[in-house]
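A.B. asks: The primary structure of each chain is shown beneath.
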Amino acid sequence: MKAPFPFSAIVGQSEMKQALLMAAVEPRLGGVMVFGDRGTGKSTAVRALAALLPPMKIVAGCRYGCAPADTTPCPDDCRKTAGKHVAEVPVPFVDLPLGATEDRVVGSLDLERALATGEKRFEPGLLAKANRGFLYIDEINLLEDHLVDLLLDVAVSGQNLVEREGLSIRHAARFILVGSGNPEEGELRPQLLDRFGLSVDVRTPTDLADRIEIVKRCDRFDRDPVGFAAQFADQEAATLAGIAKARKKLPDVQVPDAMLELGSRLCQAVGADGLRGELTLLRAARATAALAGKKAVAPVHVGAVAALALRHRLRRNVLDDTGSTTRITRAVAELIPA
Amino acid sequence: MIDAILGPAPAVVTASDDPSAVRWSLALKAIEILGEAPAGLGGILLRARPGPVRDAWAAALAMVAPVRRLPASADAEALDGGLDLTATLAAGRPVVKPGLLAEIGQGVLLVPMAERLSQALAARLATALDEGGPLLVLLDEADRGAEGEERVAAALADRLAIHLDLTEVRLPMAALLAGEEAFLPEVDDMPAGAVVDDPGTALASAAVMLGIDSIRAPIQAQRLARAHAALAGRMAIAAADIEAAAALVLGPRATRLPPGEAPPPPEEAPDQPPEPPPPSDDSSDDSPDDAPDQTPPDATDIVLDAAQTALPPGLLDALANGVQMKSPGGGSSGAKLRSLTSGRPAGVRAGAPGRGARLALIETIKTAAPWQKLRPQRADGRLSIRHDDLRIRRFVARAESTTVFAVDASGSAAFARLSEAKGAIELLLAEAYVKRAEVALVAFRGDSAAISLPPTRSLARAKRELAALAGGGGTPMAAGIDLAKKVAEAERARGRTPLIVILTDGRANVGGAPGVSPQEAALASARALGATGLASVFIDCSARPRPEGAALAAAMGARFVALPRLDAKAVVAAVKAVAG
Chain A
0 MKAPFPFSAI
10 VGQSEMKQAL
20 LMAAVEPRLG
30 GVMVFGDRGT
40 GKSTAVRALA
50 ALLPPMKIVA
60 GCRYGCAPAD
70 TTPCPDDCRK
80 TAGKHVAEVP
90 VPFVDLPLGA
100 TEDRVVGSLD
110 LERALATGEK
120 RFEPGLLAKA
130 NRGFLYIDEI
140 NLLEDHLVDL
150 LLDVAVSGQN
160 LVEREGLSIR
170 HAARFILVGS
180 GNPEEGELRP
190 QLLDRFGLSV
200 DVRTPTDLAD
210 RIEIVKRCDR
220 FDRDPVGFAA
230 QFADQEAATL
240 AGIAKARKKL
250 PDVQVPDAML
260 ELGSRLCQAV
270 GADGLRGELT
280 LLRAARATAA
290 LAGKKAVAPV
300 HVGAVAALAL
310 RHRLRRNVLD
320 DTGSTTRITR
330 AVAELIPA
Chain B
0 MIDAILGPAP
10 AVVTASDDPS
20 AVRWSLALKA
30 IEILGEAPAG
40 LGGILLRARP
50 GPVRDAWAAA
60 LAMVAPVRRL
70 PASADAEALD
80 GGLDLTATLA
90 AGRPVVKPGL
100 LAEIGQGVLL
110 VPMAERLSQA
120 LAARLATALD
130 EGGPLLVLLD
140 EADRGAEGEE
150 RVAAALADRL
160 AIHLDLTEVR
170 LPMAALLAGE
180 EAFLPEVDDM
190 PAGAVVDDPG
200 TALASAAVML
210 GIDSIRAPIQ
220 AQRLARAHAA
230 LAGRMAIAAA
240 DIEAAAALVL
250 GPRATRLPPG
260 EAPPPPEEAP
270 DQPPEPPPPS
280 DDSSDDSPDD
290 APDQTPPDAT
300 DIVLDAAQTA
310 LPPGLLDALA
320 NGVQMKSPGG
330 GSSGAKLRSL
340 TSGRPAGVRA
350 GAPGRGARLA
360 LIETIKTAAP
370 WQKLRPQRAD
380 GRLSIRHDDL
390 RIRRFVARAE
400 STTVFAVDAS
410 GSAAFARLSE
420 AKGAIELLLA
430 EAYVKRAEVA
440 LVAFRGDSAA
450 ISLPPTRSLA
460 RAKRELAALA
470 GGGGTPMAAG
480 IDLAKKVAEA
490 ERARGRTPLI
500 VILTDGRANV
510 GGAPGVSPQE
520 AALASARALG
530 ATGLASVFID
540 CSARPRPEGA
550 ALAAAMGARF
560 VALPRLDAKA
570 VVAAVKAVAG
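Line by line, the protein sequences are chains A and B. The C-terminal position of the first sequence is numbered 337 in numbering that gives the first Met the number 0, with every residue numbered one higher than the one before it. The C-terminal position of the second sequence is numbered 579 in numbering that gives the first Met the number 0, with every residue numbered one higher than the one before it.
Simulated from the structure, these hints should not be mistaken for laboratory data. Don't be surprised by glycine CBs; every beta carbon is placed ideally from N, CA and C. Possibly wrong hints are sitting among the right ones.
[Claimed, not checked] Have a look at the derived ranges for each label pair, beta carbon to beta carbon:
| # | chain 1 | residue 1 | chain 2 | residue 2 | range |
| --- | --- | --- | --- | --- | --- |
| 1 | B | L426 | A | V299 | 46 to 56 Å |
| 2 | B | A349 | A | D148 | 57 to 67 Å |
| 3 | A | R120 | B | Q371 | 14 to 24 Å |
| 4 | B | R491 | A | L149 | 23 to 33 Å |
| 5 | A | K79 | B | G131 | 36 to 46 Å |
| 6 | B | A64 | A | G273 | 49 to 59 Å |
| 7 | B | A492 | A | G241 | 46 to 56 Å |
| 8 | A | G270 | B | G80 | 46 to 56 Å |
| 9 | B | A572 | A | A268 | 31 to 41 Å |
| 10 | B | A459 | A | L160 | 29 to 39 Å |
| 11 | A | G270 | B | G471 | 30 to 40 Å |
| 12 | B | P70 | A | R120 | 23 to 33 Å |
[To be verified] Footprint (simulated), chain B over chain A, 3 or more residues, beta carbon under 8 Å:
| # | segment |
| --- | --- |
| 13 | 63 to 73 |
| 14 | 215 to 222 |
[Said to hold, decoys possible] Once the Cα atoms are required to be at most 27 Å apart in a straight line, the calculated DSS-like pairs of lysine-lysine come out as:
| # | chain 1 | residue 1 | chain 2 | residue 2 |
| --- | --- | --- | --- | --- |
| 15 | A | K119 | B | K568 |
| 16 | A | K119 | B | K96 |
| 17 | B | K96 | A | K128 |
| 18 | A | K294 | A | K244 |
With the sequences and hints as input, model every part of the structure.
C.D. replies: As structure tokens, then:
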């Protein structure tokens with residue numbers, strides 16, 4: 000496994016990078032859905048962000064990546080067996096393959112142990128592996144429905160509940176879900192879309208200068224990954240410090256009543272159904288304010304995240320072809336004076 | 000003028016200017032580069048029918064790198080390895096079967112019939128490439144232009160740097176008879192050309208001019224140029240290197256010719272002598288008026304010229320017809336719904352695991368339990384499980400539906416009919432999330448029928464492709480029914496449940512052979528459709544329904560619906576009544 004591409008070295012795609020940073024600051028946002036073309040650096044960005052984050056502390060040897068300070072019970076009872084031993088591991092990045100079976104995702108009976116020693120032991124799946132990290136699913140619109148249901152359920156509840164093959168297991172599975180898909184190859188059900196906190200549209204960069212820069216950076220990275228990473232070390236450190244500061248600051252960022260009102264008026268104006276959209280909008284605005292180092296959410300923060308938080312929740316109108324983003328931009332321009 | 004368009008013969012062409020020889024020498028060059036096992040190139044997508052040419056190529060490949068072939072029966076477990084159940088049961092201890100990917104390491108994995116690769120396997124291979132796994136050689140054997148064409152998964156094809164096409168290559172019979180020795184890649188003694196200062200800019204600009212959207216293509220082209228330079232022992236990228244990258248990576252992905260260039264004469268007629276340029280034009284060569292607006296740097300020109308030796312066959316024909324070729328989009332990649340492997344769990348049945356079927360452990364032990372006293376006791380005191388005890392899990396995969404609309408786009412009422420059909424399609428798609436239904440549209444008018452919307456689940460795509468649909472002309476009913484049948488049968492072969500919806504005023508007036516009236520031809524087609532057992536609905540939307548429509552409906556075994564006042568919602572209701 001070669002060193003990952005530095006997050007700061009990704010050319011353009013500012014909306015996607017912004018959404019990922021927000022998700023890293025405020026895990027309760029509930030995942031990012033990335034729509035767009037192939038080969039736009041989606042998985043590169045997620046991988047890079049996971050690699051950028053500082054290593055996390057886990058109970059030594061725990062197969063579920065339990066945090067030492069956490070109190071959620073672990074199926075292995077890791078805190079008892081490992082005592083106070085703590086290990087540092089990189090923030091996990093799990094790339095869920097399209098053909099993954101439910102066994103592989105959820106975990107299953109450890110066949111090897113069962114056959115060899117007759118011991119009934121749970122073999123953790125990808126959900127356990129992704130605990131406290133990122134779970135990336137490319138082409139999520141091609142994933143089987145029942146698997147998507149299951150993933151979103153786990154992502155929202157933060158724990159994986161297994162009742163199968165005579166096993167009854169419950170373990171923590173808190174991760175940032177990043178899905179990607181190309182709407183040209185099939186739609187995602189609106190019920191599922193709504194569960195994603197943020198949605199991003201990425202396009203293949205069309206600007207020639209950008210494209211040339213991408214090709215050159217990839218070439219430099221291919222030839223000398225270490226030297227290339229060193230060039231971006233300062234920017235990477237700044238991004239990291241920004242995330243850490245924003246995480247610390249987030250609980251203290253105020254959301255004035257006027258902003259609550261603005262949020263619900265905005266949702267009404269664009270016809271975004273449900274409370275989830277409104278809540279996500281405000282959480283995202285708060286994360287943005289925290290990243291900007293502000294003490295309170297201002298209208299500009301709400302406006303900046305409106306498209307990210309609401310774009311995928313608008314009622315579809317078969318007769319109206321106006322893009323969701325356009326509708327939101329229009330409403331933002333009306334409600335939030337520049 | 001023609002000379003200026005075609006440019007100087009690129010240095011890649013060593014044998015001759017015969018396109019077949021050019022493509023063959025490119026294919027050998029690809030092997031040479033692959034032999035160096037460069038990182039990040041992914042591998043080769045080779046388009047060729049099985050035959051002596053492909054065998055000769057594969058033999059040459061085997062001489063530079065150890066090649067493993069992906070067995071047709073391979074499943075995800077075969078790639079990653081797992082517990083070998085049969086061996087485990089026999090030995091009474093876990094026996095682990097190593098996966099193909101681990102065994103190959105950095106070697107070459109040859110995938111025959113890549114267009115039929117299941118989605119799951121294609122996704123697993125794409126991930127393996129991202130993680131720096133083996134080099135892949137995909138053999139795409141799909142018949143170009145066939146109905147219901149299967150394509151190599153786009154996510155996978157995009158990750159393979161080199162695309163080759165050997166479908167048009169002819170090798171001299173004498174060389175084929177001489178055996179594989181004759182096909183060893185020859186040592187490159189081509190002149191390197193000048194050092195290129197800024198290969199990245201040249202390749203990225205050329206990719207844009209050739210209409211290549213994916214940003215991976217220029218990145219891989221640059222990697223390939225570097226590998227090519229390393230092969231020749233050069234430290235810096237020279238003209239010959241970007242030429243190789245253009246011909247192997249960019250050219251085959253082109254969807255249009257560079258702006259400002261007319262399509263050169265189609266490759267299919269290489270014998271035709273190019274028209275001699277008018278003598279007066281020679282003098283205008285240095286006049287700046289002829290140059291395109293932004294003059295690309297020299298290196299970009301080299302790339303564009305070299306790329307044109309390897310344009311995808313069919314691109315030039317498509318350009319001649321005035322359409323821009325679609326970049327290869329996502330095909331269905333031959334994924335089928337197998338009820339043993341996917342879907343919601345639904346009980347167990349006897350059978351051996353493997354090929355995607357999963358062992359139901361508890362049930363297997365339950366089955367074995369009553370026999371333990373009768374079977375000879377094992378020395379280690381463990382359960383004695385035999386092959387017959389094995390139980391596998393079953394899953395229910397919901398059959399997914401495809402509604403094929405066949406719309407009569409003829410005559411004066413065509414506009415209204417088409418717009419209601421479009422409305423119905425959009426309504427169906429908007430409601431279709433839960434059922435994962437797909438919709439296709441066949442329009443018949445003038446003297447033929449055409450697929451206006453291939454089966455899709457995407458509302459965005461349906462809207463875009465239906466917007467340009469035109470109407471008017473005669474009613475070639477037989478052609479419409481035939482094409483709808485063809486589409487529906489292809490869908491059935493994909494494991495989906497098709498439903499044909501015919502929207503017409505019921506009067507055929509085009510088609511049939513001498514002595515056979517259009518209506519009789521339509522009846523014959525309708526009977527052929529009826530014989531397939533495909534479900535269908537016949538919607539007669541003429542103001543006064545006539546017996547011809549009902550007769551057609553009866554012949555195809557369709558439900559007959561008269562809708563003198565056609566509207567999209569009524570069509571959807573009629574479809575739902577049949578589809579349930």
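A.B. asks: Return the numbers of the hints above that this structure violates; sort them in rising order.
C.D. replies: Those not satisfied are hints 1, 2, 13 and 15.
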